[in-house]
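Please construct the entire structure, taking both the sequences and the accompanying hints into account.
Residues per chain, in single letters:
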Amino acid sequence: MAEVHINQITKSYGNDQIIHGIDINIQDGEFIVIVGPSGCGKSTLLRMVAGLETITSGDISINNQVVNTLEPKDRDIAMVFQNYALYPHMSVFENMAYGLKIQKLAKSEIENRVNNAAKLLQISDYLTRKPRQLSGGQRQRVAMGRAIVRNPSVFLFDEPLSNLDAKLRVQMRLEIKKLQKRLKVTSLYVTHDQVEAMTMADRLIVMNKGIAEQIGTPMNLYEHPQTTFVAGFIGSPAMNFLSVKTKDNKIEIPVSGKILDIKTNIEQPEAILGIRPEDIEIVDSNSSDLKLKVSAIEPLGADSLIYGNSEGFNDDLVVRVRGKTEFTEGDTFHVYFKREKLHFFHTITRKRLQAVA
Amino acid sequence: MIENRPLTTFFSHLVLLCGVLVVAFPLWVTFVASTHDAVRMTQVPLPLLPGNQFLVNLKLVLFSGLEGSGSPPVGIMLFNSLIMAILIAVGKISISLLSAFAIVYFRFPFRIAFFWMIFVTLMLPVEVRILPTFAVVANLNMLDTYWGLSIPLIASATATFMFRQVFLTIPDELLEAARIDGASPLRFFKDILLPMSRTNIAALFVILFIYGWNQYLWPLLITTDRDMYTVVMGISQMLEAAEQAPDWHLIMMTALMAMLPPAIVVLIMQKLFVKGLTETEK
Amino acid sequence: MIKRVHFNVSALPYILVAPQVAITIIFFIWPATQALYQSFLVEDAFGLSTEFVWFDNYKELMNDPYYLGAFKTTVIFSILVAGLSMGVSLILAAMADRVIKGATTYRTLLIWPYAVAPAIAGALWVFIFDPTLGIITYIFNFLGYSWNHKLNGDQAMLLVVIAAAWKQISYNFLFFLAGMQAIPKSLIEAAAIDGAGPTKRFWTIIFPLISPTTFFLLVINIVYAFFETFGIIHAVTQGGPANSTQILVYKVFNDGFVGLDLGGSAAQSVILMVIVIILTAVQFRYVEKKVAY
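Those protein sequence lines, which keep their order, are chains A, B and C.
The opening position of the first sequence corresponds to residue 1 in my numbering, with each subsequent residue numbered one higher.
The opening position of the second sequence corresponds to residue 1001 in my numbering, with each subsequent residue numbered one higher.
The opening position of the third sequence corresponds to residue 2001 in my numbering, with each subsequent residue numbered one higher.
Just so you know, the hints here were simulated from the structure itself, not pulled from any lab data.
One or more hints might be untrue.
[To be verified] Only pairs whose alpha carbons sit at most 30 Å apart, straight line, appear in this in silico DSBU-like list of lysine-lysine: (1) A:K324 x A:K167; (2) A:K247 x A:K293; (3) C:K2059 x C:K2072; (4) A:K181 x A:K101; (5) B:K1190 x A:K130; (6) A:K209 x A:K341; (7) A:K263 x A:K338; (8) A:K351 x A:K247; (9) B:K1275 x A:K130; (10) B:K1190 x A:K107; (11) C:K2150 x C:K2072; (12) A:K247 x A:K341; (13) A:K351 x A:K291; (14) A:K101 x B:K1190; (15) B:K1190 x A:K104; (16) B:K1271 x C:K2185; (17) B:K1271 x C:K2101; (18) B:K1275 x C:K2185; (19) A:K293 x A:K258; (20) B:K1271 x A:K130; (21) C:K2101 x B:K1275; (22) A:K291 x A:K341; (23) B:K1190 x A:K73.
Right, here's the structure in full:
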């Protein structure tokens, strides 16, 4: 059990800075997910916590002890790798026991811990097998087991589910989450999959180009994204963005000329309006904010996505409706933006503007 | 085959059989010679079918050797060859494993210089530096010793490259996992790298054992004590002696003894051997 | 190429490379530089004084008909060995590639000569061709052809070529067969559908596709004939009769160890080194692409 403090961490390879000062205080037992597109620096950050990458500047402390220069083995952490990194020539038991053997634990203690972890992960029947005789999901469990037996203060997960097929991924993410709640071990989990991030995290760190764009609970990020990047990254399908003009503390949608009946105190003449597909309603022409022409329909079963276009748009606007839709390609329809669900962002800084006064 | 042509298939087998026979012919003749007595082996034409003196000849050669040739009993020479072959194979594999490990898993000043230094050995076969190498070994008092027979031959660029290739294919995450598990570099080498390279080690052992066993020029240079002779070089002395007294039945028995151990190794470990050969050299 | 992840230890890697590097320096690089140095020296007949003579030893070699003769002998020997061995192996491999059943059995029956030392190979063949007792000699006599490699230089050359090529067949066969089996079957099938018969397929599809293997083997066989056949020459002909089988490696040995001409032998060593370096460079430049830094 431990708190992890990451304080103004940076990382550079030569002149190439890839992490630009990240700060986060992780509470004991918290499940933190670091999410972002590939190349955003999320794995590097995790590996710095693990001690597999050096820290250019800043501090990382685990249990109130600065670990910057400690070897990985001395940081009281355990890590689960994307490709599992199981030792191919060792049995499942030996894989899980290897770290304990190096710690020179008593044989009975090692057996005890391995057997308990195996039971917890339901891999007791496979202890004598070699990794190549296991399925992807089983290997994943062994990799978890190897982390659990160490009784670490912190679990580090580096995209542990990305080598599994979709169905297994859903199952394993639930199990990992349950396991973590049960063991109450502080965890850092790296993924590029925002669904995984939303469903698992107590708090999320959304990273982009070496910067933490926003840190917060999943719902907080969903409801109050602080940048267009977070707004677009969290939620699927992504939030719609429209360029709007501000006039006399009012918002005008240039395409339709509609002036939204909300007050703002945005000072800039232009802004970006963000609205999630589920926050758009289909209405009759009386209460229309915008008239759209259907360019494509995607039925998802429970929901349907309607892609609508209008002259002057670069991208389609996505609308999510419940169940089936009667529309077909080429139909026109009217939409209404739920006023309380509108987000506004600065056109240049792309940061959130407090729009509604 | 693509199309069914019994005649061409038959022809292929015929050519292959001829090839096998031509390749095996010297072996057969050698074997037959080793089974006859001295008298029969001076009568033209020589026999093409085995006689009954095999065990007699074997015993004579192993324990007494060939009189007048200046070589010791073949038993001693076989033993020397065995020691030399094993020392060379084990030595080459050991030092190559260590240097490949250093070159792949550490970043240190002069790393590339060392790499090229090892590479250079590829270009300096013993045949082109005979005299000065002999002088070095003489100065180190290693003439007529097993160390002198083996150590100067155990630097190996080929083996180092092969292990380097093997190590490069081992995923980085295994090293990271081992570091998190707390394994020191040597522990990682012993617990992870060695077991993961064991087929390559075995395959290389076959090739290097044969290489060591078949050394000829080097033992010829540095052994003057007949008790240090190896069987492959011993054969040349017997051939010289054959000018006066052609004891072909004993010479051929010795030749048989000299080629049997490496041939058996090749045949038993055929799969590993083929794998090793094509992977080190290609 | 190096791993992304490393150990951070200071002294250990040096200790790890130390044995290999020490042996390399003591037994390879130092003797080689010695050879280079000695090749510029002349020693008097009693070994009492030495004189630095720059390239005189090399000039002398270039004007020495025996040395030039040995050079020519080596080239002829190498061409014959490589040609004979690779030719036979290619035919055998092509046949083994054709037959489905028994390819591995044939491989087993053909690879064991790899294990035979060159000197032993020489002993086997010299027995078969013994001028008085040899089985082949007997057949030759029967056919009215007289064989005595101890007197006839061409016959001596033929004998060492046969012995050297015989030993190398297994190696070439293995590589040719591996090369042929690596060709996708679909290519051969496509050619068969296009109406190409087995012979035509061999020359238009298989042979061009294994050309990297062929080139690789050519270099290997030349290196083999140049350097590794010492045992055969030494055991079978001792370079004779009348220097007809004296190849360069044998002459270095003979001049240095038997003739005790240190400077001349060293100069010959250096020339051989240059040849190895060129051959190795060719091999790595055109064949092996794996040493990439």
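To see whether the hints hold, each was checked on the structure:
no., hint, in the structure
1, A:K324 x A:K167, "holds (25 Å)"
2, A:K247 x A:K293, "holds (27 Å)"
3, C:K2059 x C:K2072, "holds (17 Å)"
4, A:K181 x A:K101, "holds (28 Å)"
5, B:K1190 x A:K130, "holds (19 Å)"
6, A:K209 x A:K341, "holds (28 Å)"
7, A:K263 x A:K338, "holds (14 Å)"
8, A:K351 x A:K247, "holds (20 Å)"
9, B:K1275 x A:K130, "holds (24 Å)"
10, B:K1190 x A:K107, "holds (20 Å)"
11, C:K2150 x C:K2072, "holds (20 Å)"
12, A:K247 x A:K341, "holds (20 Å)"
13, A:K351 x A:K291, "holds (28 Å)"
14, A:K101 x B:K1190, "holds (14 Å)"
15, B:K1190 x A:K104, "holds (17 Å)"
16, B:K1271 x C:K2185, "holds (23 Å)"
17, B:K1271 x C:K2101, "holds (18 Å)"
18, B:K1275 x C:K2185, "holds (22 Å)"
19, A:K293 x A:K258, "holds (17 Å)"
20, B:K1271 x A:K130, "holds (23 Å)"
21, C:K2101 x B:K1275, "holds (21 Å)"
22, A:K291 x A:K341, "holds (19 Å)"
23, B:K1190 x A:K73, "holds (18 Å)"
The structure is consistent with each of the numbered hints, conforming to all of them.
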